[in-house]
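Visitor: Take a look at the letters that make up each chain.
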Amino acid sequence: MILLENVYYKYEPEGIEALRGVSLQIRDGEHLALIGPNGCGKTTLIRHFNALLLPTSGKVTVGGHDTNEPKHQADIRSLVGMVFQNPDNQIVGMTVEEDVAFGPENLRLPTVEIKKRVVEALGRVGISELVVRNIENLSGGEKRLVAIAGVLAMQPRYIALDEPTAFLDPAASTRVLKIIDKLHSEGVGIIHITHNMAEAALTQRIVVMNEGRVYLDGTPREIFAKFGMLKQIGMQLPPITELLIKLKESGLPVRTDIVEMEDALVQIRSLAGKFKD
Amino acid sequence: MYHTGSFIKGQSLIYNLDPRIKLAATICLSVFILWVKPLTAFVIGIALFCAALANGIHLRTIGQALKPLLFFIVLIFLAHALFNEGEALVRIPRLGLSLSYTGLQQGFFVVWRFLCLIVAAILLTLTTTPSQMIAAIKHFLRPLKILHVPVDDIAVMIMLALRLMPILFTEKERIETAQKARGYNLRQSGFIMRIKAFLSLVMIVLSGVFRRADELALAMEGRNYRRQERTSLVELRLTSPDYFALTFLGIFSVIFIALNYYFS
Numbered sequence: 001m002i003l004l005e006n007v008y009y010k011y012e013p014e015g016i017e018a019l020r021g022v023s024l025q026i027r028d029g030e031h032l033a034l035i036g037p038n039g040c041g042k043t044t045l046i047r048h049f050n051a052l053l054l055p056t057s058g059k060v061t062v063g064g065h066d067t068n069e070p071k072h073q074a075d076i077r078s079l080v081g082m083v084f085q086n087p088d089n090q091i092v093g094m095t096v097e098e099d100v101a102f103g104p105e106n107l108r109l110p111t112v113e114i115k116k117r118v119v120e121a122l123g124r125v126g127i128s129e130l131v132v133r134n135i136e137n138l139s140g141g142e143k144r145l146v147a148i149a150g151v152l153a154m155q156p157r158y159i160a161l162d163e164p165t166a167f168l169d170p171a172a173s174t175r176v177l178k179i180i181d182k183l184h185s186e187g188v189g190i191i192h193i194t195h196n197m198a199e200a201a202l203t204q205r206i207v208v209m210n211e212g213r214v215y216l217d218g219t220p221r222e223i224f225a226k227f228g229m230l231k232q233i234g235m236q237l238p239p240i241t242e243l244l245i246k247l248k249e250s251g252l253p254v255r256t257d258i259v260e261m262e263d264a265l266v267q268i269r270s271l272a273g274k275f276k277d
Numbered sequence: 278m279y280h281t282g283s284f285i286k287g288q289s290l291i292y293n294l295d296p297r298i299k300l301a302a303t304i305c306l307s308v309f310i311l312w313v314k315p316l317t318a319f320v321i322g323i324a325l326f327c328a329a330l331a332n333g334i335h336l337r338t339i340g341q342a343l344k345p346l347l348f349f350i351v352l353i354f355l356a357h358a359l360f361n362e363g364e365a366l367v368r369i370p371r372l373g374l375s376l377s378y379t380g381l382q383q384g385f386f387v388v389w390r391f392l393c394l395i396v397a398a399i400l401l402t403l404t405t406t407p408s409q410m411i412a413a414i415k416h417f418l419r420p421l422k423i424l425h426v427p428v429d430d431i432a433v434m435i436m437l438a439l440r441l442m443p444i445l446f447t448e449k450e451r452i453e454t455a456q457k458a459r460g461y462n463l464r465q466s467g468f469i470m471r472i473k474a475f476l477s478l479v480m481i482v483l484s485g486v487f488r489r490a491d492e493l494a495l496a497m498e499g500r501n502y503r504r505q506e507r508t509s510l511v512e513l514r515l516t517s518p519d520y521f522a523l524t525f526l527g528i529f530s531v532i533f534i535a536l537n538y539y540f541s
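Here the protein sequences come in this chain order: R and S. Going by the numbering used here, the first sequence opens with residue 1, and the numbers climb by one from there. Going by the numbering used here, the second sequence opens with residue 278, and the numbers climb by one from there.
This is chain S alone, in the form it adopts within the complex (with noise of 0.2 Å):
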């Protein structure tokens, strides 16, 4: 079973590649996918879709990853294929609102630079581990260190949010579950009812956090956790897989630059 942000044991090429080159890779596709124009961001869609399949990515996985953004998938999809001023295909007149060829195009591609720019994160986070990811992030964030930014506190900070996040769910499920083997049903419940008891929950979950990262800090801190610099499990060097990306990459950048010229 997937779950947002969790990596998955695999072999491939994007496995074996140095998480700074996947990284940037991601960054770097993510500001084309949203610069670019609609016909490019279809091509570099379809080539991301392909990339995830060869990496032995189920699309039953990226459904899984999608499922609980399926609401604001839709809601974006109809604000922009109702909203826009062009040729009414199909008129409301009770709403006021018009389908229009231009809107569907146009939410089309919004929902799609949006799921391309989801494919990427996947692709990213199913094939990097927590540990290499974060040496990533403190490996660009290292030039920060001449300004005394913290980049080694930051990195575990990182690792505590990624590790706390799937606790913090447990903990809400759990309370749940409890308020409800007491008869508690929140579906019977009137708006202002609702409100207060998700009120209470955040209050008995928040509490119930703070006192595991209490708890959890005093076991850091007796693992010799110091405020200082830290070495890594992971060892970042490129090779020439990376090189081969890295060159794969910036042709697939030109191209992307020349369809976008093209297309416009």
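For reference, chain R alone in the conformation it holds in the complex (with noise of 0.2 Å):
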């Protein structure tokens, strides 16, 4: 489990608090998108999950380990794999298997046991045949596995992803989206960054960020139920949310608490229903 008490972060001591008092607990295996508008401080708040930054106060503890000991820190990144926004600023080696390897090298594991979980790491997010390619010569969805397969290599209990779909077009979004989801049926608990409301809305569990503090925590239907609180801090819907909201408000009996495409069909389909009959 992930546990945050009252966590307050400063960049620099004379600074802004990036955050200002967030308690959060996550659970194992969970599913969680984390939303919320620019600079609302999404990324200072993973990058405590993994030790990168240390709170000013308060405390975070992961798996039980305080990630304000040093002692336990390796620990802690080894549980909490951390996926960047850029993969450009997160591949160390010249080829795949090479950076894949890097995690495994600094576990200080066994020749044979990193290339099994280089192996196996590359199997999962279902790139194997890129395993001798130069970095340069990926597209950037392949280059977003990598970097989500170097994670893997090191065989964590959660993945903190910075908005693994940024730049990507929609069949390499659909492919990162796809292997998240496997890896979170996998067991692997997911903590994912994301401005596309659509893909938090496939989610177990949203949190919702503004200025620097926990502005709402819900499932998707609880979270998108408020819309008049998300409008306030300048977030969308799901398009299919607001197409629902705006056929209430047009006076039609439909429910706008639902935020999967299945769910707005049966709805959509019982309304053309009543004005048949």
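Please keep in mind that the hints were generated in silico from the structure rather than gathered at the bench. It should be emphasised that the depicted structure is a prediction, and the values quoted were computed from it without experimental measurement. Do not take every clue at face value.
Capping the alpha-carbon separation at 25 Å, the derived lysine-lysine pairs in BS3-like fashion look like this [as the list claims (entries may be wrong)]:
id	chain 1	residue 1	chain 2	residue 2
1	R	Lys231	R	Lys248
2	R	Lys71	R	Lys10
3	R	Lys71	R	Lys59
4	R	Lys115	S	Lys415
5	R	Lys116	S	Lys415
Both chains are given apart, each in its own frame, so use the hints to dock them into the complex.
Guide: See the structure below:
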């Protein structure tokens, strides 16, 4: 479990607080989306999960280890893998296998185990065929998958992804999202920063951040039902929810706490049925 | 498309050799190329070209590697051909230069040595992955650990340098394209303006690289990188082809030394 207790963080001693009293509990195997306007502290928050940043005050514990304790930081970084927004800023190796091996090499695993983990991690993200490819010859989507594989090779319990579909075309985005979903179904906890509400709607829980604080926390249905509060901080709704709200505003009897396409279709079909009758 | 220093996947005897043997052989050959008499260097060069072709390295790849150096190759050749004191074949009185047979011969051999060094380097980098190369360098630097030289850190530094180099060029091209897109035409500017533009380009590229390096350092920390001894994906183990290559290199070294004395 990742537990944050009243966490404050300042980048500079005299600077403004990037996090202001964040308390949060993330269970093992949970799929959580972190949303909020730019500069609200999402990236700062997830960097606390694997001790890249340490709280100015408050406490962060991961798997029972306090991130402030230097002796536990190596264990914490093995428990929580971090995928950065730009894979070019994360990939260290010249070839795919070299980069994926970087984490296991740091864990001082024997060569046989490193090779096994590289093969396994590339297989899990479905890019085994890229093993000896030069990083410079990969597409943006492939680089993103290499970055995820590099983290998976350390066999983490959680993966924190900072906008994993940013700058990707729809096909590459879908591929990355499918992999994330698959990892979640394998039991890996996913913490997923996104600006895409349709992506957030597919998770189990959404945490909305604003001005360094947790603004809203709940299931996608609960969060998108509070559309007024979301609009207040400049957030949008998933297109499906937005459509249903517009229908309701025009006087049609539809539910507005719907976030998935299938549920929306059921609503619209039943509505069409009523008009037919 | 070949990029300087890049590895191309393939299968041949050289590919399967231990990277330490390849690195040692390249260093040894480079010393020979620079030290031996011109005719011996010529023989070494022929042997190197044959080795490159036998290992599936196309002449086109060698050409691509030489392309960026073409200007320097021509410059070196002309400097030797035109500034050598020998019996003049052609005189250029206006410039006070003369083209001599000795100069042409000397220019040819200097360029030949240069080409041999490049082919040796291509042969090494094309057939050795960066991680194999780093493992070999780390192995040779290992004795320095007694003097508390951070060998593991040096290996990671080499890896990062190799990784950041193409990014540096991409960043430069990206900025130049952005400048052109906003109507900036360097070709129409004067010399001073060009120097100024170059300096400002360097500053922008460097600031981008520093920012990227900062983020990369954070990502490495996130993947548990610390200043400590690391294990490696590459397992260095000498096998029979390596011993065969060592013997082969030893025999050739003796032949080259003998040839060198024969031609002197």
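Visitor: For each hint, tell me whether it holds in the structure or not.
Guide: Here is how each hint holds up against the structure:
1. Among the hinted pairs, Lys231/R with Lys248/R is consistent with the structure: their alpha-carbon atoms are about 17 Å apart, no more than 25 Å.
2. For the given pair, Lys71/R sits about 23 Å from Lys10/R by alpha-carbon distance, which is consistent with the 25 Å threshold.
3. As the CA atoms of Lys71/R and Lys59/R are separated by approximately 16 Å, the hinted pair is consistent with the 25 Å bound.
4. Using a Cα cut-off of 25 Å, the hinted pair Lys115/R and Lys415/S holds, with the two alpha carbons roughly 19 Å apart.
5. A distance of roughly 23 Å separates the Cα atoms of Lys116/R and Lys415/S; the hinted pair therefore holds under the 25 Å criterion.
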